[in-house]
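Engineer: One letter stands for each residue in the lines below.
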Amino acid sequence: QKEVEQNSGPLSVPEGAIASLNCTYSDRVSQSFFWYRQYSGKSPELIMSIYSNGDKEDGRFTAQLNKASQYVSLLIRDSQPSDSATYLCAVNEGNFNKFYFGSGTKLNVKP
Amino acid sequence: DAGVIQSPRHEVTEMGQEVTLRCKPISGHNSLFWYRQTMMRGLELLIYFNNNVPIDDSGMPEDRFSAKMPNASFSTLKIQPSEPRDSAVYFCASSLREMGNEQFFGPGTRLTVL
Numbered sequence: 228q229k230e231v232e233q234n235s236g237p238l239s240v241p242e243g244a245i246a247s248l249n250c251t252y253s254d255r256v257s258q259s260f261f262w263y264r265q266y267s268g269k270s271p272e273l274i275m276s277i278y279s280n281g282d283k284e285d286g287r288f289t290a291q292l293n294k295a296s297q298y299v300s301l302l303i304r305d306s307q308p309s310d311s312a313t314y315l316c317a318v319n320e321g322n323f324n325k326f327y328f329g330s331g332t333k334l335n336v337k338p
Numbered sequence: 081d082a083g084v085i086q087s088p089r090h091e092v093t094e095m096g097q098e099v100t101l102r103c104k105p106i107s108g109h110n111s112l113f114w115y116r117q118t119m120m121r122g123l124e125l126l127i128y129f130n131n132n133v134p135i136d137d138s139g140m141p142e143d144r145f146s147a148k149m150p151n152a153s154f155s156t157l158k159i160q161p162s163e164p165r166d167s168a169v170y171f172c173a174s175s176l177r178e179m180g181n182e183q184f185f186g187p188g189t190r191l192t193v194l
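Which chain is which? The protein sequence lines are A and B, in order. Going by the working numbering, the letters in the first sequence line up with residues 228 to 338, in that order. Going by the working numbering, the letters in the second sequence line up with residues 81 to 194, in that order.
The set of hints was computed from the structure by calculation and includes no laboratory data. It is possible that some hints are incorrect.
[What the hints assert, rightly or not] In silico BS3-like links for lysine-lysine, alpha-carbon gap of 25 Å or less:
#1 A/K337 to A/K269
#2 B/K148 to B/K104
#3 A/K337 to A/K325
#4 A/K269 to B/K158
#5 B/K148 to A/K325
#6 B/K158 to B/K104
#7 A/K269 to A/K333
#8 B/K104 to A/K325
#9 A/K283 to A/K325
#10 A/K294 to A/K325
#11 B/K148 to B/K158
#12 A/K283 to A/K333
#13 A/K325 to B/K158
#14 A/K325 to A/K269
#15 B/K104 to A/K294
[To be verified] Here are the computed distance ranges between Cβ atoms for each label pair:
#16 A/S309 to B/I85: 18 to 28 Å
#17 A/A295 to B/T192: 14 to 24 Å
#18 A/S239 to B/N130: 40 to 50 Å
#19 A/D282 to B/E142: 39 to 49 Å
#20 B/S146 to A/A295: 37 to 47 Å
#21 A/P237 to B/E124: 19 to 29 Å
#22 A/S239 to B/P150: 45 to 55 Å
#23 A/G286 to B/D143: 44 to 54 Å
#24 B/E178 to A/N234: 13 to 23 Å
#25 B/G108 to A/S279: 19 to 29 Å
#26 A/A295 to B/Q97: 45 to 55 Å
#27 A/G286 to B/I85: 24 to 34 Å
#28 B/E163 to A/S279: 41 to 51 Å
#29 B/S138 to A/N249: 33 to 43 Å
[Stated by the list, open to error] Which stretches of chain B does chain A cover? Using the computed rule of at least three CB atoms under 8 Å from a CB of chain A, they are:
#30 121-129
#31 185-192
Positions of the beta carbon are idealized from the N, C-alpha and C atoms, including for glycine.
Just chain A, with the same shape it has in the complex (with noise of 0.2 Å):
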């Protein structure tokens, strides 16, 4: 059973902080790895994806990943009050576009 976890939260930061979200996974094939930011009422949307060890950056999110420990996380730097969503991990194995996702984490980012 492939299994994606993540802190429920909420994760509460004040505005101009850093976020930092962490997510890890089981299984040691999974290839690929994806964070969705949802809305309250909205659908997840897709913000960040990341294939290979290291950290990629884009704006004021980073994303980094670390296969050897099956740790992926999400950074979100000067955070805003609009940042404040639930954050879902998502993990495929790359063979197949099958994704597991984790049950998300909530982000409050306090004015």
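Starting from the structure of chain A, add chain B where the hints point.
Structural biologist: Coordinates of chain B only, in the frame set by chain A:
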């Protein structure tokens, strides 16, 4: 560019009725996924298609659920008969395997079975 389109956006029906949800994937995408989301169970994959062929339907909860993809631009998820425990938000997503398998979600259908 048009994203994934789903209809209806909201559906309220009575127990025992047939419900049909519809999805139009992003043009050119070759994989389509149906998910269900509830507070209790989170986001669950029900079934997915590659090139219009069902690949994995292990997430379909019961025989009351069925899905079809008659062509590359249309898919349906049918529940017959519907039950109150089917109440959830149903999402359709699509992806292009050659582009990193990134999945893009539609706006969802909120289903309420009374």
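Engineer: State for each hint whether it applies.
Structural biologist: Now for the hints, and whether the structure bears them out:
Pair hint A/K337 plus A/K269 holds up; C-alpha atoms about 21 Å apart against a cutoff of 25 Å. With a C-alpha separation of about 12 Å, the suggested pairing of B/K148 with B/K104 holds against the 25 Å cut-off. Of the pairs offered as hints, the one joining A/K337 and A/K325 is violated, with about 35 Å between alpha carbons and a cut-off of 25 Å exceeded. In summary, the hint linking A/K269 to B/K158 is supported, as the alpha carbons are separated by about 22 Å, within the 25 Å threshold.
The hinted pair formed by B/K148 and A/K325 meets the criterion: a straight-line CA distance of about 18 Å does not exceed 25 Å. As the CA atoms of B/K158 and B/K104 are separated by approximately 15 Å, the hinted pair is consistent with the 25 Å bound. Of the pairs offered as hints, the one joining A/K269 and A/K333 holds, with about 14 Å between alpha carbons and a cut-off of 25 Å not exceeded. At roughly 19 Å between alpha-carbon atoms, B/K104 and A/K325 fall within 25 Å of each other, so this suggested pair holds.
For the hint linking A/K283 to A/K325, the alpha-carbon distance of about 23 Å falls within 25 Å, and the restraint holds. The straight-line distance between the Cα atoms of A/K294 and A/K325 is roughly 19 Å, inside the 25 Å bound, and the hint therefore holds. Proximity of B/K148 to B/K158 is assessed by CA-CA distance (about 9 Å); at most 25 Å being required, the pair is judged to hold. Note on A/K283 and A/K333: the hinted pairing holds, with a Cα-Cα distance of about 22 Å set against a maximum of 25 Å.
For the hint linking A/K325 to B/K158, the alpha-carbon distance of about 21 Å falls within 25 Å, and the restraint holds. Taking the CA atoms of A/K325 and A/K269, the gap is about 22 Å. The hint holds against a cut of 25 Å. The suggested pairing of B/K104 with A/K294 is violated, with an alpha-carbon distance near 35 Å, which exceeds 25 Å. Distance hint check: the CB atoms of A/S309 and B/I85 are about 26 Å apart, consistent with the given range 18 to 28 Å.
Restraint check, A/A295 to B/T192: a C-beta distance of roughly 46 Å breaks the suggested window 14 to 24 Å. The hinted range of 40 to 50 Å is satisfied by A/S239 and B/N130, whose Cβ atoms lie roughly 41 Å apart. Taking 39 to 49 Å as the suggested C-beta distance range, the pair A/D282 and B/E142 conforms, at roughly 44 Å. Take B/S146 and A/A295: their Cβ atoms lie about 42 Å apart, and the range 37 to 47 Å holds.
In this structure the supplied range 19 to 29 Å holds for A/P237 paired with B/E124, their Cβ-Cβ distance being about 22 Å. Between A/S239 and B/P150 the Cβ separation comes to about 47 Å, which falls inside the hinted range of 45 to 55 Å. The beta-carbon spacing between A/G286 and B/D143, approximately 46 Å, falls within the hinted interval of 44 to 54 Å. Checked against the hint of 13 to 23 Å, the C-beta distance between B/E178 and A/N234 comes to roughly 34 Å, which is inconsistent with it.
The hinted window of 19 to 29 Å between B/G108 and A/S279 holds, with their beta carbons roughly 26 Å apart. Between A/A295 and B/Q97 the beta carbons are some 52 Å apart, a value that agrees with the proposed interval 45 to 55 Å. Checked against the given bound of 24 to 34 Å, the beta carbons of A/G286 and B/I85, roughly 28 Å apart, stay inside it. One distance hint, 41 to 51 Å for the beta-carbon pair B/E163 and A/S279, holds here, with the actual separation near 45 Å.
For the pair B/S138 and A/N249, the beta carbons lie near 28 Å from each other, so the given range of 33 to 43 Å is not met. Judged by the Cβ-Cβ criterion of 8 Å, the segment 121-129 of chain B is covered by chain A as claimed, because 4 of its residues qualify and three suffice. With a threshold of 8 Å between beta carbons, the proposed coverage of the segment 185-192 of chain B by chain A holds, since 4 of its residues qualify and at least three are required.
When held up to the earlier numbered hints, the structure conflicts with 3, 15, 17, 24, 29 and fits the remainder.
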